[in-house]
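Chains as they are written, first to last, in my numbering: chain A, 1 to 193; chain B, 1 to 195.
Keep in mind that the hints were calculated from the coordinates and are not lab data. Computed from a predicted model, the values in this text were never measured in an experiment. The hints are all genuine.
Selected chain B positions facing chain A (Cβ under 7 Å, derived; list incomplete): (1) 6; (2) 7; (3) 10; (4) 14; (5) 18; (6) 25; (7) 29; (8) 31; (9) 35; (10) 36; (11) 90.
Derived DSS-like pairs: lysine-lysine, alpha-carbon spacing no greater than 27 Å straight-line: (12) 95/A x 84/B; (13) 106/B x 171/B; (14) 35/A x 94/B; (15) 106/B x 73/B; (16) 30/B x 95/A; (17) 39/B x 36/A; (18) 183/B x 94/B; (19) 36/A x 94/B; (20) 35/A x 84/B; (21) 39/B x 95/A; (22) 84/B x 36/A; (23) 35/A x 39/B.
Glycine is no exception: its CB is placed at the ideal position from the N, C-alpha and C atoms.
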Amino acid sequence: MDISHYLLILVSTVLVNNVVLVRILGLCPFMGVSKKLEAALGMGAATTFVLTLAAGSSHLINQLLVAFELEYLRTLSFILVIAGIVQFTEMVIHKTSPVLYQVLGIYLPLITTNCAVLGVPLLNVQEQHTFAEALVFGAGSALGFSLILILFAAMRERLEGADVPTPFRGAAIAFVTAGLMSLAFMGFGGLVK
Amino acid sequence: MTAILLALAVMAILAVVLGGILGFASVRFKVEGDPLVEKIDAVLPQTQCGQCGHPGCRPYAEAIAHGEDDINKCPPGGEEGIRKLAELLGVEFKPFDEGAAQPKPKSVAVIDENTCIGCTLCIQACPVDAIVGSAKQMHTIIASECTGCELCLAPCPVDCIHIVPVGTTVKNWKWRYPVFALKLVRPSATTESSS
Numbered sequence: 001m002d003i004s005h006y007l008l009i010l011v012s013t014v015l016v017n018n019v020v021l022v023r024i025l026g027l028c029p030f031m032g033v034s035k036k037l038e039a040a041l042g043m044g045a046a047t048t049f050v051l052t053l054a055a056g057s058s059h060l061i062n063q064l065l066v067a068f069e070l071e072y073l074r075t076l077s078f079i080l081v082i083a084g085i086v087q088f089t090e091m092v093i094h095k096t097s098p099v100l101y102q103v104l105g106i107y108l109p110l111i112t113t114n115c116a117v118l119g120v121p122l123l124n125v126q127e128q129h130t131f132a133e134a135l136v137f138g139a140g141s142a143l144g145f146s147l148i149l150i151l152f153a154a155m156r157e158r159l160e161g162a163d164v165p166t167p168f169r170g171a172a173i174a175f176v177t178a179g180l181m182s183l184a185f186m187g188f189g190g191l192v193k
Numbered sequence: 001m002t003a004i005l006l007a008l009a010v011m012a013i014l015a016v017v018l019g020g021i022l023g024f025a026s027v028r029f030k031v032e033g034d035p036l037v038e039k040i041d042a043v044l045p046q047t048q049c050g051q052c053g054h055p056g057c058r059p060y061a062e063a064i065a066h067g068e069d070d071i072n073k074c075p076p077g078g079e080e081g082i083r084k085l086a087e088l089l090g091v092e093f094k095p096f097d098e099g100a101a102q103p104k105p106k107s108v109a110v111i112d113e114n115t116c117i118g119c120t121l122c123i124q125a126c127p128v129d130a131i132v133g134s135a136k137q138m139h140t141i142i143a144s145e146c147t148g149c150e151l152c153l154a155p156c157p158v159d160c161i162h163i164v165p166v167g168t169t170v171k172n173w174k175w176r177y178p179v180f181a182l183k184l185v186r187p188s189a190t191t192e193s194s195s
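Let the hints inform the model, and build the full structure from the sequences given.
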């Protein structure tokens, strides 16, 4: 396995199979934390950290489960590991950046229930990735998530000042925008074969 | 039967390992006090005047950090102080609280030296140690230290302290910022013009 293989995985997870716009995972923080650009940056960083760690550690745990023929415990044990990592991240952020901790608020513990964070380890299992591939897949998905979150937050800050027809104000125009972004990202479809 | 026991054992080991990591993290990344309080306290003017309704600047900082009080109650900090707090906390700027004390022009306390009996009560009240004097001796105020917080007025038994606004002198005068009158746009007028 040479480096281009990993680069290919990275590009395909960030752009082609983007976790938010193509796989439609992790919409809760995508809509919830994208109102301010700074909060979106912080959320992106926290999710990147959690998702990369979750992808790596859940791969190890999957191997443990396969060794004992306990594959049916996969979802349960993945959730357990993710919850532990999120708690750990929360403590680190509380210590290092109290303002970010306040800005993220309830969305920080809610990374636990972010379906992207559970979906990526399960996809890793499904596609039978090696440990290194799983790590790159997790990091790439997280980078794709952060990229979309930041782009979308910047758009929503502009939308605040836009003259939107009354029935479309708020979440409605946000979902329309997200749909258009998703359409645009389909253009990357032919990038990786 | 063994399959169930095996499953239980694996999950238990997993839980114990994760619990150990979290336990270690809670000791390693323990938050002493609230770091946010320190940052808010650094923005407040430290006059300890109590005009916000709290006994000093630090209790007010704690109240802001816990969301118990608003950021617009510090008259010595002025609008600039509210602006800094709003930026630090990532909230919207808001004008001064209607019910709270309003910001006053910068002023200092002056002791009428003919009436002062040297009781030292005002020295004990001063939060910034701007009053010099001793028992049975006339007191005076260091004007450059005084914050004009008015805390020394109440304890004085002979009412010899007055608050004097610092007027503009040749030394501290400066150009005013240019102010442009903004035209008021009525919402009804805009809807008429757009339709």
